[in-house]
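Engineer: Sequence:
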Amino acid sequence: MRNETARYDITVVGGGLAGTCAAIAAARLGRTVALVNNRPVLGGNSSSEVRVWVCGATGHGRNHHAREGGIMGELFVENQYRNPEGNPYYWDALVLDAVRAEPNITLYLNTDVREADAYGPAHDRRLTAVTGWMMGSERRVRFESELFLDCTGDGLIGHLAGARHRIGRESRDEYGEPWAPDKADGISLGSTLLFYTKDAGEPVRYVPPDFAKDITKTSIPQRRIIKAGDNGCAYWWIEFGGELDTVHDNERIRDELWSVIHGIWDHIKNSGDFDAETMTLEWVGSVPGKREYRRFVGDYVLHQGDILGQTPFADRVAFGGWSIDLHPPQGMYATEAAAKQRYADGIYHIPYRSLYSVNTSNLLFAGRDISASHVAFGSTRVMATCATLGQAAGTAAALCAGHGVTPRALDIAELQRTLLREDASVIGLASTDPDDLALRATVTARSSLTRLAVETPRERWPLAADAGIVLPVDPELTGLELLVDAARDTQLTIELYDPELGQNYVPRRLADSVTVPVTAGAAQWIDTGLTWSPETPRNAFLVVRANADLTLHRTGTPTPGVLCFTRVPLRPQDETPQPLREWTDAGLLRRTFCLRTGATSAFAPAKAVDGYARPYAGPHMWVSEPLGEAAGTWLELAWPEPVTLSRIDLLADDDVNEDLINLHHHRTPFDTLPTLLRDYRIEARRDDGPWRVLARTSDNRRRRRIHTFQEPVTLSAARIVVEATNGAPSAHIVAVRAYGPGVRGW
0 MRNETARYDI TVVGGGLAGT CAAIAAARLG RTVALVNNRP VLGGNSSSEV RVWVCGATGH
60 GRNHHAREGG IMGELFVENQ YRNPEGNPYY WDALVLDAVR AEPNITLYLN TDVREADAYG
120 PAHDRRLTAV TGWMMGSERR VRFESELFLD CTGDGLIGHL AGARHRIGRE SRDEYGEPWA
180 PDKADGISLG STLLFYTKDA GEPVRYVPPD FAKDITKTSI PQRRIIKAGD NGCAYWWIEF
240 GGELDTVHDN ERIRDELWSV IHGIWDHIKN SGDFDAETMT LEWVGSVPGK REYRRFVGDY
300 VLHQGDILGQ TPFADRVAFG GWSIDLHPPQ GMYATEAAAK QRYADGIYHI PYRSLYSVNT
360 SNLLFAGRDI SASHVAFGST RVMATCATLG QAAGTAAALC AGHGVTPRAL DIAELQRTLL
420 REDASVIGLA STDPDDLALR ATVTARSSLT RLAVETPRER WPLAADAGIV LPVDPELTGL
480 ELLVDAARDT QLTIELYDPE LGQNYVPRRL ADSVTVPVTA GAAQWIDTGL TWSPETPRNA
540 FLVVRANADL TLHRTGTPTP GVLCFTRVPL RPQDETPQPL REWTDAGLLR RTFCLRTGAT
600 SAFAPAKAVD GYARPYAGPH MWVSEPLGEA AGTWLELAWP EPVTLSRIDL LADDDVNEDL
660 INLHHHRTPF DTLPTLLRDY RIEARRDDGP WRVLARTSDN RRRRRIHTFQ EPVTLSAARI
720 VVEATNGAPS AHIVAVRAYG PGVRGW
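By numbering that gives the first Met the number 0, the letter at position 233 of the sequence shown is numbered 232, and the numbering carries on one by one without gaps.
Read the hints as simulated data drawn from the structure, not as lab findings.
It cannot be assumed that every hint is accurate.
[Stated by the list, open to error] No more than 25 Å apart at the CA atoms, straight line, and that leaves these computed lysine to any residue pairs for SDA-like:
id: 1; residue 1: K197; residue 2: D272
id: 2; residue 1: K226; residue 2: V286
id: 3; residue 1: K339; residue 2: F273
id: 4; residue 1: K226; residue 2: D244
id: 5; residue 1: K339; residue 2: T667
id: 6; residue 1: K212; residue 2: R251
id: 7; residue 1: K339; residue 2: T643
id: 8; residue 1: K216; residue 2: F273
id: 9; residue 1: K226; residue 2: T667
Please construct the entire structure, taking both the sequences and the accompanying hints into account.
Structural biologist: Below, the structure is given as structure tokens:
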């Protein structure tokens, strides 16, 4: 056995997506980081050992423009290219590549941290070191750091250090949560094991092991969906342990889950009720995917009201959007539905104060162990959200290490500026980075999209149900026309709603309503007469009321800034209205109803330097006119006096409305997002001199490209010349940033 001591600026314990993103974020800001994981692979529940798909704020497409950005976004987009079939082993390799790309990270796999050195009274603890045992290598490693991040999920490190935490459910009165129980208890969400199947192409018999459970003697066949062709996360409901201790009873829980998996497979193979003669088991998990255990207490405890009310925290550092998704304590044996879900009207914010300990001064945390009530945790626990929390916590740790301050003392404005610079998942904040010289530039372009004109019909869409259209309004909406067929003389009714919050894409406040006559006939452009001039740019949600005599037309392509929906009312027995569930883009994803509008500034060149890097009350990006046969459209930044630059960052459009996933849930029709720039060059000139090429990029498939110059360049203007996209007809640029020498960051 070997005893070692390792010293790093920051130690991150836990190599799930939260810990991985935390480590990468801190390392990119120049800090030395130990990433310590007790498993042989990274990714936690998303890894090949457990194989849970990475869900997040999109809610499987219910939330719009909600896919996570930053490091998690990079992983999603790269996985889309490398691993479109969702191979779990390819995902392992991709996550490992992302960590190994950072020279400031030292990775310790198979290292189980079991000891923590901490001192101080209960209200003011400080962690000085943690010690782990590296299995297989017989190395006992002591990690010493100024800052520690507990990303273990179970919260073991903070627990060993004496950090305050909760296990179980709070009472309804504690945070005023309608979904909480009357009295606090120790109930938690249970754990799950998954399995994969395949068609062997020939008959395969199955002899169940002795421990297989006869599920026909349980409520499972009557209460849960079992299909021969399903596997993986289709069986997320194989859950057990909510009434037990999900950590200390882990082996008992695993054995029960194993017995049910083999019982389900025995039922599929041998009951005669399924067409499964040639099916066989390909893989069965052995590491239970835990949902819940310790939740730390921070300076703020996120609760149900914050999620459903979309509280606009001043210290927001990340966002979520998954439903409050709570499962019955009995798991797979429960007689009620396997999940109770409630969505907000859009994505919600997560405050920094929920990411550090209330009583352990140098401890931050990210993942499912953050400072949230049990009810709020029902949403924040999903892995893509955990990953964004990891980037926020890792960024905070790096800044704390650089300034020699505790997490509580960190300047929030600096943290938010840094997160925005690093393209992290923060919504509704515009960058005011004083180092970004692009914010001072005058921006022009060879061309810009100045009106919406979707005029090439491909398919008809009968108005059997209400239709919805989201349009950017900047500075006003005028000249709205729709292409319709009318079976007979009738009327077209359209209501214009203000979604109110910039991150929402549901109708909330009625702003106007019109009813216009339509005569019988096909392919008529109907002038709606609607106008709207809100005080600030925003989206409009148009509700086109159902009419059996009317048919809309739709194209087969998407349109920048436009979303289209149909309304599927919830069942009468559903207790609470949930607009996010009623308005669906099923059949309309990447499609647009044929429409025309008046002039818009929503895609003007200045949008590339307005400080926003995501859609919020509008698309916030420059979009050119269609490139056509002539390549070489450009976006130009000019300064009144020459500036000296050492770096230009380009944020291309990775279409955050597209719901990507790492493993198997669904397959998108492309491996590289069409809206991303493929080939472009960066040019510069001094005064009225000639343009010269500073950088050239070909075959790009990433959103964020950082162009660092070997020697600083003094220039009066710089421009991005777009030669080709990855399929979109127009060039899209979300943001251009320009930095002088000495600016920190990746």
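Engineer: A separate judgement is required for each hint: does it hold in the structure or not?
Structural biologist: Quick rundown of the hints versus the structure:
1. K197 <-> D272: 18 Å, holds
2. K226 <-> V286: This hinted pair holds, its Cα atoms lying about 23 Å apart.
3. K339 <-> F273: 29 Å, violated
4. K226 <-> D244: At roughly 31 Å apart (the allowed maximum being 25 Å), D244 and K226 break the hint.
5. K339 <-> T667: Distance of about 28 Å is beyond 25 Å: violated.
6. K212 <-> R251: 14 Å, holds
7. K339 <-> T643: Violated, because 56 Å separates the two Cα atoms, which is more than 25 Å.
8. K216 <-> F273: 18 Å, holds
9. K226 <-> T667: 23 Å, holds
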